[in-house]
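Visitor: For the record, the sequence lines run as chains E and A. So the first sequence is numbered by our numbering: it starts at 1 and just counts up by one. So the second sequence is numbered by our numbering: it starts at 400 and just counts up by one.
These are calculated hints, taken from the structure and not from any lab test. Every value quoted in this text rests on a predicted model; they were computed, and no experiment measured them. Be a bit skeptical, because a hint or two may be false.
As the list claims (entries may be wrong) - Partner residues aside, some chain A positions facing chain E, computed with beta carbon under 7 Å:
hint, residue
1, Glu491
2, Arg494
3, Lys495
4, Met499
5, Gln503
6, Asn505
7, Phe507
8, His509
9, Gly519
10, Ile521
11, Trp522
12, Val523
Stated by the list, open to error - Taking CB as the label site, the calculated pair distances span:
hint, chain 1, residue 1, chain 2, residue 2, range
13, A, Asn439, E, His221, 52 to 58 Å
14, E, Ala231, A, Ser603, 54 to 60 Å
15, A, His612, E, Ile230, 42 to 48 Å
16, E, Trp165, A, His612, 24 to 30 Å
17, E, Tyr385, A, Tyr429, 47 to 53 Å
18, E, Ser220, A, Lys436, 29 to 35 Å
19, A, Tyr429, E, Lys28, 57 to 63 Å
20, E, Val81, A, Ala529, 54 to 60 Å
21, A, Ser583, E, Leu252, 57 to 63 Å
22, A, Pro527, E, Lys158, 17 to 23 Å
23, E, Gly238, A, Lys436, 47 to 53 Å
24, E, Trp25, A, Ala529, 54 to 60 Å
25, E, Ser290, A, Ser583, 20 to 26 Å
26, A, Ser583, E, Ile13, 37 to 43 Å
Stated by the list, open to error - A few chain A residues that don't get close to chain E, going by computed Cβ distances all over 10 Å:
hint, residue
27, His433
28, Lys436
29, Asn466
30, Gly480
31, Thr484
32, Gly498
Don't be surprised by glycine CBs; every beta carbon is placed ideally from N, CA and C.
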Amino acid sequence: MSVDLKIIEAKQIAPPKTSTNAWEWAKKNLFNSWLNTILTFIASAVLFQIIYAVFGWVLTEAQWDVITENYKLFMVGQYPVAQLWRMWAALTTLTLMFGLSAGRFKGTMLRLSGILLIVYLIHLGAPFTSGSTKIWLATQISILALGYLIGHYFVRAKRFTLIGWALSIPLILFFIQGFGILPAIRTNVWNGLMLTLLIAVFAILVSFPIGILLALGRTSHLPVIKYFCIAYIELIRGIPLITIFFMAQVLLPLFLPTGLTIDNVIRVMLGATLFTSAYMAENVRGGLQSIPNGQYEAAKAIGLNPVQTTFFIILPQALRAIIPTIVGQSIAMFKDTSLVAIVGLVDLLGIAQSVKSNPEFLGRHMEVYVFVAFVYWVIAYSMSYSSRRIEKSLGIGER
Amino acid sequence: MAQTQRSIEVGPVTKTDKMIIKCEGINKWYGDMHVLKDVNLSINKGEVLVILGPSGSGKSTFIRTINGLEPIQQGHIEIDGVSLTHDLKDIEAIRKETGMVFQQFNLFPHMTILKNIMLGPIWVKKKPKAEAEKLARELLDRVGIPEQADKYPGQLSGGQQQRVAIARALAMQPEIMLFDEPTSALDPEMIKEVLDVMKELARSGMTMLCVTHEMGFAREVADRIVLFDGGEIVETGTPEQLFDHPQHERTKLFLSQIL
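Could you build the full structure based on these sequences and the hints that come with them?
Guide: The following block contains the structure:
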């Protein structure tokens with residue numbers, strides 16, 4: 001019997017070679033019929049025309065000084081120059097955490113830090129950045145490297161890095177806002193990319209736990225909780241984000257007792273958070289529904305109580321299943337922050353509006369919008385890239 | 400050793416005289432469908448009871464009422480002196496006493512084999528982590544797959560997964576083990592490895608309730624066999640009585656179809 005098996009094994013042959021050279025590939029995929037050949041030529045002509053036009057414009061026609069001259073405006077808006085070190089300090093904190101995580105976790109964090117490094121290097125090498133900026137950028141790069149080395153050689157515990165992230169958030173806010181220790185910076189000069197990122201990060205981070213609670217509440221057996229969650233989710237999902245922003249700006253002050261005012265930027269952040277939470281909740285609910293009943297039964301049979309079942313068995317699997325939708329939602333939220341320009345906040349797009357209406361740079365709106373779109377794209381693409389990486393790394397050993 | 404103690408008297412076979420499961424007048428409906436009809440059954444400590452019956456006969460539903468996975472509308476269940484009520488405390492007390500193995504294994508796919516087994520001891524029995532890990536490794540040894548400890552369920556064969564599921568249930572050191580068609584989802588060549596583990600468990604004196612279609616297993620291991628049909632117990636007896644001298648027409652029909 002075993003002899004027979006050996007004979008069968010020996011008979012195995014290698015699969016036919018499928019690798020082809022470029023010409024064979026083109027013949028098979030582009031020129032395999034008369035119609036395809038014609039289509040190939042037409043498509044190439046159109047493609048060439050577009051690429052030629054775009055690159056021609058970007059490299060020769062466009063006058064990028066509208067960007068370089070206003071670079072500070074785009075990044076941090078009218079934040080006072082004397083206090084700019086605080087923005088750099090906030091960024092340094094972030095850089096250190098990226099470096100640490102890259103050294104500790106490798107993988108996705110390493111690649112994201114790589115993107116960060118490239119961004120820093122481009123700015124360091126760019127002719128338009130000033131001397132002090134270059135010093136700060138060099139600092140960022142060394143801090144990134146330092147963080148990596150610390151993470152790689154010294155930080156053993158995952159917990160340490162996670163606590164670091166948790167602490168870095170109030171620290172960054174402290175640098176930006178001052179909390180009464182540093183001179184206060186009024187929020188109407190929180191502008192540009194900084195404002196965009198602040199709103200987006202706040203809304204995404206805070207809406208995530210709220211969304212989970214709402215989703216769990218919606219599946220609850222207690223009618224009060226259940227119907228409150230359903231009402232909240234359905235109400236918010238029925239209202240456009242821009243309406244929520246308007247309500248936060250115009251209506252909310254009417255309801256608050258006189259004397260109590262909530263800051264403009266905070267109101268918008270809360271509005272964005274409430275909005276995103278409802279969508280997060282529905283995403284999480286989708287994840288919860290994807291968990292087979294057997295998982296609940298197995299958890300019950302072991303004797304886990306409902307809270308333990310939710311946190312050890314159900315949520316970890318549900319959240320894993322919806323990483324793509326969570327990231328999709330985050331990207332959408334990040335881009336939707338551009339709506340705050342309509343309610344008077346000056347985010348990245350708001351700065352673009354004011355820069356293009358500056359008489360000195362009349363008629364340069366193309367350059368401005370292309371630049372803004374590019375910044376949005378780099379950040380959004382980094383998010384979707386890391387989502388794909390995380391999915392892949394979690395896919396190993398799963399199911 | 401345990402086998403020699405097994406008697407072959409008529410009626411409820413007693414391994415020890417201590418009754419551990421008592422079910423009285425169990426009635427259950429799914430909507431209007433009457434799925435369990437006045438089921439009375441008591442099981443002694445150390446007894447191995449096999450439940451047979453055609454599909455849809457209510458045998459799986461019955462075994463799942465014992466640890467409260469399926470609520471009953473009428474009747475009384477008592478496990479080791481604790482009444483199964485709607486009180487979550489009683490249900491949790493009973494689930495600590497009973498381990499369950501499912502047809503579809505139901506391992507937690509996002510945890511390693513070791514973590515799957517350690518979860519209950521750590522969080523329900525509040526055992527120190529080191530002790531739970533030692534227990535988990537011992538149990539993996541007992542079910543014959545110590546080398547799989549750090550893999551994920553998806554990397555194991557069906558038979559191996561079911562053996563892990565048995566180890567996971569045993570990790571709670573239960574008094575009673577419930578098996579709900581443990582081999583029905585397995586490829587034929589993997590059934591034996593699971594049955595061997597179950598036989599070893601039966602020999603060690605564990606109280607077992609098995610819903611199964613494995614007649615060989617039933618004949619060899621069972622102290623008593625119960626035949627379910629149409630939501631009620633049709634016949635009860637030792638394997639010899641039931642297989643060789645079935646009394647009831649429905650039992651004869653069932654056996655003729657299956658043997």
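Visitor: Okay, which hints does this one fail, numbers in order?
Guide: Violated hints (numbers, rising): 10, 13, 16, 29, 32; every other hint is consistent with the structure.
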